[in-house]
Structure formats: structure tokens, C-alpha cells
Amino acid sequence: MINTFFSSGTLDSPAAFLASLLIGLAFGVALERAGFGSSRRLSGIFYFRDMAVLKVMFTAVIVAMLGVCYAKAFGWVTPDNVYFLHTLYAAQILGGLIFGVGFVMGGWCPGTAAVGVASGKIDALVFLAGALGGSILYNELYTVVAPLTANDRGVVFGFDSLGVSEAGFAFVFTLIAVGCFWGAEAIEKKRNGVEGYWNSRFLKVFSAMLAIGAFGLFAVQTKPAAAANAAAQEETLLTGMQEGADHIEVQELADRLLEGDASILLVDIRAPEEYAGFHIRTAVNIQAADLPASLAPHKNQGLIVLYSNGMTHPAQARDSLARLGFGNVYQLTDGLQGFLDVCLKPVSLRDAPVPAAQTAKIRAWRAFFLGAPVAAPAVAATSVRASEPLPAEVETEWLAQNLGRGDVKRIDMRPQPEYKGGHIPGALSLNIESLRGCVEGIPSTLLPAKLLAEHFSLMGIRPDDSIVVIWGDKEQDATLVGMACERLGHSRYAVLRGGFAKWQSERRQLDTLLPVVTATRYPVPAKADAFTVGAKDVLAAVGAPGSVILDVRPADFFTGKKRDEARGGHVPGAVNRPFADDVAKGEAFNTLKPVGELAAAYAKLIPAKDSPVIIHCRTGHQASQTFFVLTRLLGYTRVRWYDAGWTEWAARPELPVVSDEQKPEGPK
Amino acid sequence: MRAKPYSNPYLAGVLLGMTVLASYLILGAGLGASAGIARAGAFCELALAPARTLASRYFGEWGAEPLNYYLVFMLAGVFCGGLISALLADRCAVIVERGARCSALKRLVFALAGGVIVGFASRLANGCTSGQALSGSAVLLTGSLLFLISVFAGGYAAAWFVRRQWYD
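Heads up: the sequence lines are chains A and B, in that order. Using the numbering used here, the letters of the first sequence map in sequence onto residues 12 to 679. Using the numbering used here, the letters of the second sequence map in sequence onto residues 14 to 181.
Keep in mind the hints are simulated off the structure, nothing from the lab. By construction, the Cβ of each residue, glycine as well, lies at the ideal position given by its N, Cα and C atoms. Treat each hint with caution, since some may be false.
[Stated by the list, open to error] Some but not every residue of chain B turned toward chain A, in silico, with C-beta under 8 Å:
# : residue
1 : Leu44
2 : Tyr71
3 : Leu80
4 : Ala126
5 : Ser135
6 : Tyr169
7 : Tyr180
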């Protein structure tokens, strides 16, 4: 198998961009040589005036097809190293019909228009501008047309659709092409009165070569090399089965799931009704026929465990996946029934006496697998991978789809009574005050990394977990957890957009059960974080050219009109952007304002994305929200956080203060 | 200077087919042109309305830097390849290509309207003549073959109505 940019996951690397540029170069030369830099020549086919499009296109299709077929026969190309476009009947048929109308009207298609522009054709430039607009139009109408793209059939080959062999299909397709070439020459001869290639020696030889090339496929597609390759695979499969390497014992599975092992993808291959009735916690439901496509992202990554009622179906599914190159598929010994008997059957109902240690284990399993039901989405296995980047804010829909994932830790910041009254399934309750305290004399300061790591450990969080923070009425509660994550170097965290209120307003699933948590040992970073600064750093930034001190307290506190500390006012040179100005209030819930709006507002206050910025408020709480906005949403790179804030600044008389009020009011 | 004649279409086709093959074997994906244009569209919409674009369901998936994509570079390559080849063959001329009895404005209006339709349809079908009809058909994908047939069905159905732009 060839290692392509696609198979190595580096299609977005500079090397792939260069390769694409060079392939594009050859593509452009081929189109131009063919005369496709002329719209008159392109549209000729629709008036039977110039059949070049048919000759060039069909030749290219056949040549590439033969090449790919041979490459497949030699094992160079498989669905693993090549990206094949999916088949969506409605979108492709309707899209094709509309495309044809636009093609004949505009006289160009996208690739040829690029060559047309290079050849100086103004109509090509106008066409491209139109196509750009048409793409934007599609984006704007997407919600209307999206249903047409809903029925994705996956990778479907024409020969499979017709139920014929690949070589047979390719051979007949080649003969049709050759027939079309002769037909095209005949049309041109009749219409334009020129001989062209009709009955030419060239076309005879060319036709014969294509036909022979296609015929050769019948021979290579049963080539010994490919067969030997398959035989070797088969042998590995058999050895694996004999050694039991394809099985995972129910107890091992139960323990690993209990520990929150995120490398296991548990797949229930029974019918959806059976799955809905009962399934092993964390399992996703995928039908056997859909397994190859749905599991493709997990191929040879982590552990895929299949189960059903018994052993027959998972064994078949496992074998067919192994033949597709999946080396990480296991089946559960004795299936779901075995799991129920060994792990979940109450001790009191068992025939043989159970040792004490085993009894405790069974209790823990029962608590985990029966105690807190977690709704797993149907076929959500492919929706998100652990390696995928997590957005700064996740939507409620995203969370709803990922409830079944043990590696998505939800932390609910609402007060305990509200949490107990109903929370998002699996959510942990956290009091904001457990993250901060008196540090070196300054109250309400985010705790040192060591203590934060201790809290994360108790919550059963692992460094590679994705943390989603759910907030009640203050978004800054969630962003303060974000600061704790930042301090621990835990970059995979996100804030639930709209908070709990949005979830509730959408009438989504709630739960009153406590999640079952096994404590972890969250590592403490060796170095202190680089973004927390003290009064000394703020003082150094006063008057420093290009640097910004951003005070996010309400305007009255900034000016000194109101105060609840020893002194009112602000740091000299600081600019005021109240944190509440970043929030859009809605009827049912609040959200942060749209990114564009925030970007525009901050662009007026901060000269550049890499300008040094220090954010502060009174205690660091509100400033955490602005920190989140600037670093996670807007991409500012040098933002630091003066956690001690006005609490410290006001109480240290040697630090300078500017106040707009001559006689500030006393503390309220 | 007189423009040189076009290549033998079958040999140009062989070159094109080899390019498709190279694309599959090196990149692991077929050719594509319309995606590059759509990415440029996303870039323009981002410049005009960043928040709206990022929040949109289609372009939003491409993030804040839609041009960071291999097919954008491929489209740039097509332009450069076309330019080199056209210059070598003396086929570069700034003109509006049209029939003698068609006004330039009329031809440009047709080109613009055709462009909008093609841009839209390419997104709907997830590809154009390059990605679907050429590359997809070459690997015998059912959807791509249907797209190819549909393009010609749509083209022949509409050809009669827009024939005047080519009248001499």
C-alpha cells in the first residue's frame, strides 16, 4: 500500500500543498493543450460542433481508471489510502443537472475557467466571479438545501451497484468510450466535412491499446501476488483466533470501563430496539452493515470491542473488519449474556459462594453499569474523535451527542440544590469556591496548580479528557474553571454555549443521579503558568508603549464613582471594557456576543493580536471571562491575567491610582 | 504571432488521465477545482461578515482560514499551468470569447449567470467536472458517474436556449 498524504493525515501540510500545486500545474497544462482555455471549444460539444470535450474527458477517465484498477490489483490503492467521494443520489443528480445548465450557459466549468483566465478570457473571469458568488449563495441557503445532502450512501462503486465484477465493468466502460470516440469523429466529419481522426491509423491503434489495457484487468485482478497477500492476512487472522487474541474477557472490559478507559470503543451490534432496551454503559449502537464506514476513524486506534447477545455475529463482524485491515477489533467473550452473568448478576442470586473481594467488585460494577444510566447516542461513534480539536465553546447539541463518551467530563457550576434538582447526565457538581482561596494574603485567588490538580483528581479527570463547563447565571464561573485548566496545562476544555439555561430551554435530557467517579492522579505541571502576573508586572506595563491594561470592572468602579475597596479608581493608563459588555442577553439564556462583534470591539482597544495585554477586575473572576474571549475566541496571543486585581492594588498605598471622582463615595 | 494548433485531444486526454492517476497515488485524493473557488468564497464572506460566516453551517466548518486547503493550491497550479502552456502556444489574448452576432455584454451576462449556477451546483454535488465527473468517474464511483450523466443531460437540455451567444 502506498503511503499517500491522505493516509498519513497530512493533506494540510506544506508538502501536500506543494504537491497539489504541482499536480494542478500538470492539470492546467493538460487542459490548455486540449484547447479548454476556450469557451467556444468547450461548449462545442453541446451543439455537435466540436467534440473535443468528449474525447479528452473520456480518454482521461479511461486512462485514470485503468491506472487505478491496476494499482488496486497490485494492492497499491485501497479505500484506506485514497479518499473516495461519497455517493448521495439526490445531491449528485440534481447538482449535475443544474451544473449542466450553468456549464452550457457560462461556457466554462471551474477548472477550465481558471485556464481561461490564464489565456486572457474576460468571460472566464466573470464566470469565476459568478461561481464564487454561487458558492456563497449555497452557504446562505444551506439550511434549505441541506436535506438533499442528508442521505449519504458512503463509498459506492458502480460495479457494486450493478452487481458485476470490477474488471467486467471497466472493460465494458472502455468499449463504450472507444465507441464514443468513433461516434464523435463521425459527427465531426459529417458536420464539418473534415476527416479528423476518423478511420486514422492513430485512432485504430489507440482504441486497440485501451481495449487491451482493459482486457488485461481480467488477468491481474486474480493475480497471485494479491492472492498471496490475502492469504497472509487470512493466516494472521486464523492465528489470532486460535490464540484467543481477538477476545476480551467480560471482567477486564468491566474494569476498564469503570476506570474510564477512553481508549475503548464499545460497540453494540444488536438491533436498535434491543439496544434501546438495555445496553452496556458507554456502548454505541452500530449495525453490522455500517461497521466499516462508522468505525473507519477508529481503525487501528484504541480498542474496538464488539458485542451482541452471543458470539456468532460479533465473530463474523470482527473477521470482515480484520479483512479490511482493522487490527484492533475484539469481541466480548460470551457476549452480553456473559457480561450480565459474570458482572451484573446480584451476589444473592448466584449459585456458588462469592469471595468478599469479588463481592465488592460486583457492587462497583453494578453501581457503574446499572446505577447511573447514561444515554448513548445511536451511531455517534464517528461524530467526534478524542484527537479532534475541541472548540472553545461547545453547543448544547454537541454535548447531547457526546453524552455517551467517558472522556467528555461535564462540570456543573450551579449551586448544589439546583444541581440535585436535575442536571445534565453525568455532570459533576463543582463549587467555584473550591478553586480559589486566600493565597499569600490575597483573598479569592485561584489556587496553586498542586491544589487544583488534587481537585481534578478527585473529580476523576484525566489529562486527555475533554472538559465541558456548564454554568448557571454567571458565565465567568465557567471561565474561571478555564483558568484552572490553563494553569494545569489542560487545553481540552470548553464552555457550554448558553449554559444550563439553554440546555433547559431546549428541554433536553436531565438526570438526578450522581455520576460514578473513580479518582485519578492528575499530574502537577513542573513549571508555574506564564500568564498570571502580579502587581509588579502591572506597574511595569503602566506607560509601556504598545501594551494595554484592560480593566473589566463595571464603568462606575473604573471611574471611582463607586468603590468597595480601600481606594476607588483605576490603574493609570488602563482602559475600561466591562466584562458584561461581551454578553448578549436573551430571553431564555445569555450567550457571549458573536465573535465578529467581539473582534471589532477589541480591535478598537488593543493595537494587535500579539500586543501585550494585562486583564484584571476586582478578584480575577470577571477577568477570566475576558481572558477566555481574548485568548480562546479571538486569538490574542499575549494576554496575561492579574488575578489579585483591584483587591490588592487598592490596598497597597504605594501603587498609583487615577480616579475621575474628586470625592469618591465610601464603601457601600 | 499565430496561435499554435491544439494538441491531439486523445493525447491531451492521456496526459489529463495520468494527472488524475498521479493525484490519487500521491495525494490520495482526486483532482478538484470548485472547492478552491468555494474556499475563496468563504474567504470573501469571512472578510465581509466574519461572525455570520463562522456561525454558518457550511462555511463555518472550514474555520477562520479557509484558504489553508490543498485544493486551493491545486487551483492556483491550474492557473499557472494554463498560463505557461498558453504563453508557449501563443494563445494568450485578452478578449470576450463569443459569436460574431452576440454582444460582449450579453456574453458576459451569460457567463456570470452560468458561473453562479455552477458555483451553487458544485457545492450541492460536492464537486464539479474535475472532482466528480473526471476524478470520481475514473474510480467508478456510482454517484460521480450519475453526476457525469446528469451534467450532459442538463447541458443538452439547456443548449438550445443559449445558442445565440455562439451565432456567427
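To see whether the hints hold, each was checked on the structure:
1. Leu44: Nearest chain A Cβ about 6 Å off; hint holds.
2. Tyr71: holds (4 Å)
3. Leu80: Violated, about 10 Å.
4. Ala126: For B/Ala126, the interface hint holds, since the closest Cβ of chain A sits about 6 Å away, which is under 8 Å.
5. Ser135: Check passed: Cβ of B/Ser135 comes within 6 Å of chain A, closer than 8 Å.
6. Tyr169: Nearest chain A Cβ about 6 Å off; hint holds.
7. Tyr180: With Cβ-Cβ at 11 Å, over 8 Å, it is violated.
Consistency with the previously given hints fails for numbers 3, 7, ordered from lowest to highest.
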